[in-house]
Amino acid sequence: MAEQFYTVASDSETTGEDKSQASFPDVAVGIDIGTSKCSVAIWNGHQVELLKNTRNQKGMRSYVMFKDDTLSAGVTGGAAKENAHEERDILSGSAIFNMKRLIGRMDTDEVVQASKTLPFLVQTLGIGVRPFIAALVNNMWRSTTPEEVLAIFLLELKALVEMHLKHPVRNAVLTIPVAFSRFQQTRIERACAMAGLHVLRLMPEPTAVALLYAQQQQQLVHDNMGSGIEKIALIFNMGAGYCDVAVAATAGGVSQIRALSGCTAGGEDILQNIMRHVLPNFDGIYAGQTMDRIKSMSLLRIATQDAIHRLVSQESVEINIDLGNGHMVSKVLDHSEFEQVNRAIFDKCEKIINQCLADAKLVPEDINDVILVGGCSKIPRIRSLVLGLCKKEVSYKNIDALEAAVSGAALEGAIASGVNDPSGSLDLLTIQATPMNLGIRADGDSFAAIIPRNTTVPARRDMLFTTTHDKQTEALIAVYEGEGERAEDNHLLGYFKITGIPAAPKGAVDISVCMDIDAANVLRVFAGVVKPQGPAIPPFIEVRMPTLDDGHGWCGQALAKMYGRILDLAVLPKKLQP
Amino acid sequence: MSTGTMPIARCAATVNNTACIPGRKRRCCNVTARATATSSAAGGRAPGSTRRDYYTVLSLEQHPAAEDVGAEEIKRAYRRLALRHHPDVCPPSRRAESTELFLELRRAYETLSDPARRVRYNADLRGGTGGEVASPGGVVFARHVWESQLAVLRAHSEQRQRARSSQSQPQRPV
Numbered sequence: 001m002a003e004q005f006y007t008v009a010s011d012s013e014t015t016g017e018d019k020s021q022a023s024f025p026d027v028a029v030g031i032d033i034g035t036s037k038c039s040v041a042i043w044n045g046h047q048v049e050l051l052k053n054t055r056n057q058k059g060m061r062s063y064v065m066f067k068d069d070t071l072s073a074g075v076t077g078g079a080a081k082e083n084a085h086e087e088r089d090i091l092s093g094s095a096i097f098n099m100k101r102l103i104g105r106m107d108t109d110e111v112v113q114a115s116k117t118l119p120f121l122v123q124t125l126g127i128g129v130r131p132f133i134a135a136l137v138n139n140m141w142r143s144t145t146p147e148e149v150l151a152i153f154l155l156e157l158k159a160l161v162e163m164h165l166k167h168p169v170r171n172a173v174l175t176i177p178v179a180f181s182r183f184q185q186t187r188i189e190r191a192c193a194m195a196g197l198h199v200l201r202l203m204p205e206p207t208a209v210a211l212l213y214a215q216q217q218q219q220l221v222h223d224n225m226g227s228g229i230e231k232i233a234l235i236f237n238m239g240a241g242y243c244d245v246a247v248a249a250t251a252g253g254v255s256q257i258r259a260l261s262g263c264t265a266g267g268e269d270i271l272q273n274i275m276r277h278v279l280p281n282f283d284g285i286y287a288g289q290t291m292d293r294i295k296s297m298s299l300l301r302i303a304t305q306d307a308i309h310r311l312v313s314q315e316s317v318e319i320n321i322d323l324g325n326g327h328m329v330s331k332v333l334d335h336s337e338f339e340q341v342n343r344a345i346f347d348k349c350e351k352i353i354n355q356c357l358a359d360a361k362l363v364p365e366d367i368n369d370v371i372l373v374g375g376c377s378k379i380p381r382i383r384s385l386v387l388g389l390c391k392k393e394v395s396y397k398n399i400d401a402l403e404a405a406v407s408g409a410a411l412e413g414a415i416a417s418g419v420n421d422p423s424g425s426l427d428l429l430t431i432q433a434t435p436m437n438l439g440i441r442a443d444g445d446s447f448a449a450i451i452p453r454n455t456t457v458p459a460r461r462d463m464l465f466t467t468t469h470d471k472q473t474e475a476l477i478a479v480y481e482g483e484g485e486r487a488e489d490n491h492l493l494g495y496f497k498i499t500g501i502p503a504a505p506k507g508a509v510d511i512s513v514c515m516d517i518d519a520a521n522v523l524r525v526f527a528g529v530v531k532p533q534g535p536a537i538p539p540f541i542e543v544r545m546p547t548l549d550d551g552h553g554w555c556g557q558a559l560a561k562m563y564g565r566i567l568d569l570a571v572l573p574k575k576l577q578p
Numbered sequence: 001m002s003t004g005t006m007p008i009a010r011c012a013a014t015v016n017n018t019a020c021i022p023g024r025k026r027r028c029c030n031v032t033a034r035a036t037a038t039s040s041a042a043g044g045r046a047p048g049s050t051r052r053d054y055y056t057v058l059s060l061e062q063h064p065a066a067e068d069v070g071a072e073e074i075k076r077a078y079r080r081l082a083l084r085h086h087p088d089v090c091p092p093s094r095r096a097e098s099t100e101l102f103l104e105l106r107r108a109y110e111t112l113s114d115p116a117r118r119v120r121y122n123a124d125l126r127g128g129t130g131g132e133v134a135s136p137g138g139v140v141f142a143r144h145v146w147e148s149q150l151a152v153l154r155a156h157s158e159q160r161q162r163a164r165s166s167q168s169q170p171q172r173p174v
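Quick note, the sequences are listed as chains W and U, same order.
At the far end of the first sequence sits residue 578, using full-length UniProt numbering, and the numbering has no gaps.
At the far end of the second sequence sits residue 174, using full-length UniProt numbering, and the numbering has no gaps.
These aren't lab readings, by the way, just hints derived from the structure by calculation.
Mixed in with the good hints, there may be bad ones.
[Stated by the list, open to error] Here are the simulated distance ranges between beta carbons:
#1 Lys-397(W) to Asp-114(U): 32 to 42 Å
#2 Trp-554(W) to Val-119(U): 43 to 53 Å
#3 Leu-299(W) to Asp-114(U): 55 to 65 Å
#4 Arg-117(U) to Tyr-563(W): 34 to 44 Å
#5 Asp-114(U) to Lys-351(W): 50 to 60 Å
#6 Glu-474(W) to Val-152(U): 22 to 32 Å
#7 Glu-337(W) to Asp-114(U): 23 to 33 Å
#8 Asp-114(U) to Asp-443(W): 21 to 31 Å
#9 Arg-80(U) to Gln-123(W): 51 to 61 Å
#10 Ser-93(U) to Asp-366(W): 34 to 44 Å
#11 Arg-80(U) to Leu-125(W): 47 to 57 Å
#12 Arg-117(U) to Lys-471(W): 35 to 45 Å
[As the list claims (entries may be wrong)] List of simulated lysine-lysine pairs, DSBU-like, C-alpha gap at most 30 Å:
#13 Lys-392(W) to Lys-378(W)
#14 Lys-351(W) to Lys-378(W)
#15 Lys-361(W) to Lys-75(U)
#16 Lys-116(W) to Lys-231(W)
#17 Lys-75(U) to Lys-397(W)
#18 Lys-392(W) to Lys-471(W)
#19 Lys-231(W) to Lys-75(U)
#20 Lys-295(W) to Lys-351(W)
#21 Lys-75(U) to Lys-116(W)
#22 Lys-574(W) to Lys-75(U)
#23 Lys-561(W) to Lys-497(W)
#24 Lys-75(U) to Lys-391(W)
#25 Lys-392(W) to Lys-361(W)
#26 Lys-37(W) to Lys-116(W)
#27 Lys-397(W) to Lys-37(W)
#28 Lys-75(U) to Lys-331(W)
#29 Lys-397(W) to Lys-361(W)
#30 Lys-52(W) to Lys-231(W)
From a predicted model like this one, the values you see are computed outputs, not experimental measurements.
Glycine is no exception: its CB is placed at the ideal position from the N, C-alpha and C atoms.
So here's chain W without its partners, still in its complex pose (with noise of 0.2 Å):
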């Protein structure tokens, strides 16, 4: 009988470790997708206990593998024994990974175009629609989306779950880059709904880390009979596809979060510049899937990912391998050249830092704690880096760079979930900020920022408007995320009209807009005409945001040819602002 490679974790399947505790029925579950590994943790009426798999792991494989018409995740990863078995598997081209770089992104998103040379297929028409995606399933390909592997991961982990806790599990708190728009956050949330999960909380990673800082924090006050005193920490997270920071101001278990930082640059991005630099025709050579470029592509990148695990604690590499046709790899590879290769990176790493400490008003002596977490804090320019830059010699050594996130997840889903725990050990609260400035279009092209980076949430903020127009009787409210000076160079999320402004002189017209951000990070968007008042004045508009499901660079493009300037606004002077 051929051998059964792909199983589904079944109950009949146990890991022999079986120490969960009956938990509460209808606490959160804390879920960390990273782009390349995953886990899950939950609250046990104790503490947070981080789950294993079938084969007894804690961080899974971020993968779905389609094959022979079956389909597997790496939450059970198979049968397999030996990581370089699974590896080959995953980049055979029947599995889709990296889905959390891919979710929710445009084909013309540079992540997208760096993508097309993945095993799997993407393919981009370059005109700002979602990539076309397709597994190998018996030598055909077959479409998919992100989201819907993404869905088809999250069933297995939540029937991983189940099968731990011997009930359902409903609700869920993921943890997401700081970067991800509210778009992103949207096809997340869609596809734990396919799932059969409900989102709680999305959660930037650097937050969760920081709810685990403070319970922490209390627990060395309780212990030592301390002062509580307020604590400053950096948090540095950096995984396989998105890199974060936070500044989080903690004492008495509550941690503050007082700037938030990120940017799409992780150990994926690593690899690809390291794969380029020891073989320079990489894309030449691997334009177009054919099977054997496919293999040969799985050992240049299973052999360059290894070496770079090597660099960690070695001072040089080397790599050797035979590609086929031809094509040999002989390196050898050392520190300096690594850091040379990827300094654009580290650059990008700098700067979120340092606008991090700016945003928060703090400088690097105002730094208690620096902690790290993510695999690619491993990396020693990595560490070196940050520590340099908050001047600190040692990082915070009492948190685990690669639980840290999902222990802090699983925190907040006991905490949101109400759950009461005598011990005191979840007095804890993490108050959360915005991570991107959100605001309409006004005067023009410009953006409005109605809330500013780094508010702190629940959020309520608004600004006063006027018609550009004289007898102007209709205004389009064009909402936008980002950091952008102008509108057009931010994320649209939607739009409304507001119609029946009384007709009269230009700027003789008040509108209020205002934004409301509430615990579980909803945004609404309120507007309507505040002066003049009477009956003739239209009601207010009530929008829950986002409204656009695809097409944002279209929908921009073709609101503007639409109308133009016709229904545009302009901002109240600031002495008129509320």
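Given the coordinates of chain W, work out where chain U should sit on it, guided by the hints.
Frame of chain W; chain U shown alone:
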């Protein structure tokens, strides 16, 4: 007209002091003062007497010289009250009220933490304006409108949530 208009502290709902869930005292949204819902006449200013000053919001009004409280104590008060009023640590049924309370707490903290704004605030407090610079009338009206809408939305959301949770009760494993 003042160029630095301060935000208006306002609650959209009345908080009931006595509504505590037995056995879960830590999670109750206890308040030390009653937050009052206000109705605003169109174009008119909200009466000053119905708004709590920020020292009261931060439970610092009992301090012998409230206006001389140090920054560290203000921060400590903010954190202590946040741990009680933030929506994350309140029962879902009280999320709407706790959001309002937290927003007010945040406004009070931000104003009193900024030395320049605090000086201005103290002067206004002494001047008997109720602690707030008058805003254009329309803004008061606008905020009242969307706060009412928010309250209604949240009430509906909580109803649906309760209905759903009561439905899911029978399905829970024995």
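Original post:
Could one say that the CB atoms of Leu-299(W) and Asp-114(U) fall in the range 55 to 65 Å?
Top reply: With a Cβ separation near 60 Å, Leu-299(W) and Asp-114(U) satisfy 55 to 65 Å, so the hint holds.
Original post:
Between Lys-561(W) and Lys-497(W), is the straight-line Cα distance small enough, at 30 Å or below?
Top reply: 16 Å, holds
**OP:** Measure nothing beyond the straight line between the CA atoms of Lys-231(W) and Lys-75(U); if it is 30 Å or shorter, mark the hint as holding.
**Re:** 13 Å, holds
**OP:** Starting from the range 23 to 33 Å, see whether the pair Glu-337(W) and Asp-114(U) falls in it by beta-carbon distance.
**Re:** 49 Å, violated
Subject >> Pair hint outcome, Lys-75(U) versus Lys-397(W) [Cα-Cα no greater than 30 Å] >> reply: 27 Å, holds
Original post:
Is 34 to 44 Å right for how far apart the beta carbons of Arg-117(U) and Tyr-563(W) are?
Top reply: 39 Å, holds
Original post:
Given the hinted pair Lys-295(W) and Lys-351(W), is their alpha-carbon gap at most 30 Å?
Top reply: 37 Å, violated
Original post:
So the hint says 50 to 60 Å: do the beta-carbon atoms of Asp-114(U) and Lys-351(W) match that?
Top reply: For Lys-351(W) against Asp-114(U), whose Cβ atoms are near 28 Å apart, the range 50 to 60 Å is violated.
**OP:** Could you see if the CB distance from Arg-80(U) to Leu-125(W) stays within 47 to 57 Å?
**Re:** At roughly 56 Å between Cβ atoms, Leu-125(W) and Arg-80(U) fall inside 47 to 57 Å, so the hint holds.
Original post:
Are Lys-75(U) and Lys-116(W) close enough, with their CA atoms no more than 30 Å apart?
Top reply: 50 Å, violated
Original post:
Is Lys-37(W) close enough to Lys-116(W), meaning Cα to Cα at most 30 Å?
Top reply: 21 Å, holds
Original post:
Does Lys-75(U) pair with Lys-391(W) here, judged by a C-alpha cut-off of 30 Å?
Top reply: OK: Lys-75(U) and Lys-391(W) at ~26 Å, within 30 Å.
Violated hints, in rising order: 5, 7, 16, 18, 20, 21, 28 and 30; the structure is consistent with all others.
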